[in-house]
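Please work from the sequences and hints to get the whole structure.
First to last, the sequence lines map onto chains H and S.
Sequence positions in the first sequence follow our numbering and run -11 to 271.
Sequence positions in the second sequence follow our numbering and run 145 to 358.
Honestly, the hints are just simulated from the structure, not real lab data.
In this text, a Cβ means the ideal position worked out from N, Cα and C, and glycines have one as well.
A portion of the hints provided could be inaccurate.
As the list claims (entries may be wrong) - Taking CB as the label site, the calculated pair distances span: (1) H:D41 <-> S:R203: 42 to 52 Å; (2) S:R196 <-> H:N130: 48 to 58 Å; (3) H:E137 <-> S:G217: 21 to 31 Å.
As the list claims (entries may be wrong) - With a Cα cut of at most 27 Å, we get these calculated DSSO-like pairs of lysine-lysine: (4) H:K101 <-> H:K216; (5) H:K149 <-> S:K157; (6) H:K143 <-> H:K207; (7) H:K151 <-> S:K157; (8) H:K225 <-> H:K207; (9) H:K46 <-> H:K263.
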Amino acid sequence: MKRRRIDMKKKYSYLTLILLTAFTLILTACGQKDETASEKEESGADLLQQIKDRGTLKVGLMGTYQPYNFLNDKKEMDGFDADISKELAKRLGVDVEFVSQEFSGMVAGLQTKKFDAVISQMTITDDRKKQMDFTEPYITNNVKVIVQEKNNNVKSVEDFKGKNIGVGLGTNDETYLRTELLPEVGDFTIKTYDDVITSLKDLNSGRIDATINNMYALKPVVEKNGFKIKAVGEPVKSDQAGIAIRKGNESLLKELNKHLADMKEDGTYKEIFVKWFGEEPQE
Amino acid sequence: MDVIWTNLPFLLKGAYYTLLITIISMFFGSIIAVIVAVARLKGNKFIRWIARAYVSIIRGTPTLVQIIIVYYGLADYGLNLQPLTAAYIALSISIGAYLSETLRGAIQSIPKGQYEAAYASGMSPYQTMRRIVFPQAIRVAIPPAGNTFIGMLKETSLVSVITVTELLRSAQLLIAQYYVYMPFYLAIALMYWIMSTGFSFVLERIEKRLSIYD
Chain H
-11 MKRRRIDMKK KYSYLTLILL TAFTLILTAC GQKDETASEK EESGADLLQQ
39 IKDRGTLKVG LMGTYQPYNF LNDKKEMDGF DADISKELAK RLGVDVEFVS
89 QEFSGMVAGL QTKKFDAVIS QMTITDDRKK QMDFTEPYIT NNVKVIVQEK
139 NNNVKSVEDF KGKNIGVGLG TNDETYLRTE LLPEVGDFTI KTYDDVITSL
189 KDLNSGRIDA TINNMYALKP VVEKNGFKIK AVGEPVKSDQ AGIAIRKGNE
239 SLLKELNKHL ADMKEDGTYK EIFVKWFGEE PQE
Chain S
145 MDVIWTNLPF LLKGAYYTLL ITIISMFFGS IIAVIVAVAR LKGNKFIRWI
195 ARAYVSIIRG TPTLVQIIIV YYGLADYGLN LQPLTAAYIA LSISIGAYLS
245 ETLRGAIQSI PKGQYEAAYA SGMSPYQTMR RIVFPQAIRV AIPPAGNTFI
295 GMLKETSLVS VITVTELLRS AQLLIAQYYV YMPFYLAIAL MYWIMSTGFS
345 FVLERIEKRL SIYD
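The structure is reproduced here in structure tokens:
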């Protein structure tokens, strides 16, 4: 009996070893395949035509980023991004369908065709251009340092050293903090959040010392929640956000750019901008 | 594959937090479980009711919701817990409820005759519990408790929402940097698997050691 047990045990340890090896092999294989997968382009019918046939433009956005994109009192997607999306869809002659999800999964959502376009304040960067195609910028955002109202120690990014800094996971701001600012000003801790509200909440309760974000995004959240926070100093950087679509869909990109230009021309764009930010767009 | 090797230290640090949170929550969760299990079996009506309500509420709500309540919810009332502390508290409370049920069943599986024999030999109820019932009950409870612990190891991934950079979040951070998914997710899957296999191994050893009376 005892003998048998030992044999069994041996058998199991072999099995474990085999499984482990198999797993590692899969891991290796996938690692290699991945590099080509991201460059793969859309196959089959033209995406613009697909959208028109389908009758809906599927737009990916966060849905938690006031005043850009959020659920309004009627539980409908609302905000600057939403209005731009609706206007674009109207000009394409289709309905708009919103798919809301965390920003960190936005690129994956687009690649896996969960939606046709990302209209969610996605800043145009060289890194992202390798993954996706962007339209012409549809908005410029100034990013500022935000701290608690009573905080007078942190006046600019130079004061970040040794502090806890919050930022949205997978955002362009995170990349900026990690790859540009961190080596420049010295060690600070980066805390990542899935949306803007939670990062501001943690800032308000003092669990982080500062965050960086743009003023437009801040205003409604602060007003609604009564957060005691303020923006300080000069803008850290200016970001231009564009509409992101999967690579290799030239006709859709052209069409979107044309409609964006038309919107700016005929004043619709200005109307939407003033509606959400209470001031005229600076160009 | 290279991206995994160059970022392995980063992922291992995430795995360290995953293990740390699991072990600390397991420890405090077990203490809660013992208290609640005994309260449900031996307490007066009021204590029993409280214990039942606790188990019912915790088992009936998602762990993610509990974590967010402890971290963001309490902050509304001025209680600002650090992310790790909040994770320990939320997960200990959560695992305590599941474990207490396991333990209650195990305690109930010890025949009445054993209590009677212990009392007859002059032991107090406390001594009976500690010397006679618990040692046997724990052995019965280990396999199902093992399930709970391993479940717990994986549930630590939920604390990524409260800015703890555990294993899942480390992978997400790397993905946000490299835009490749599969290698990172497979790597952390493998790491989770190795860790839970380690847990099963340890539990198996404990079970063997406790079965010397058989």
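We went through each hint and held it up to the structure:
As the Cβ distance of H:D41 to S:R203 is approximately 48 Å, the hint placing it in 42 to 52 Å holds. Separation of S:R196 from H:N130 is about 55 Å and conforms to the stated range, judged on CB atoms against 48 to 58 Å. Separation of H:E137 from S:G217 is about 23 Å and conforms to the stated range, judged on CB atoms against 21 to 31 Å. At most 27 Å may separate the alpha-carbon atoms for a hinted pair to count; H:K101 and H:K216 exceed this at roughly 40 Å.
Restraint check for H:K149 and S:K157: the C-alpha separation of about 22 Å stays at or below 27 Å, so the hint holds. Simply put, H:K143 and H:K207 have alpha-carbon atoms about 19 Å apart, close enough for the 27 Å limit, and the pair holds. The straight-line distance between the Cα atoms of H:K151 and S:K157 is roughly 20 Å, inside the 27 Å bound, and the hint therefore holds. With a CA separation close to 18 Å, the supplied pair H:K225 and H:K207 stays within the 27 Å bound.
Restraint check for H:K46 and H:K263: satisfied, since their Cα atoms lie roughly 24 Å apart, inside the 27 Å limit.
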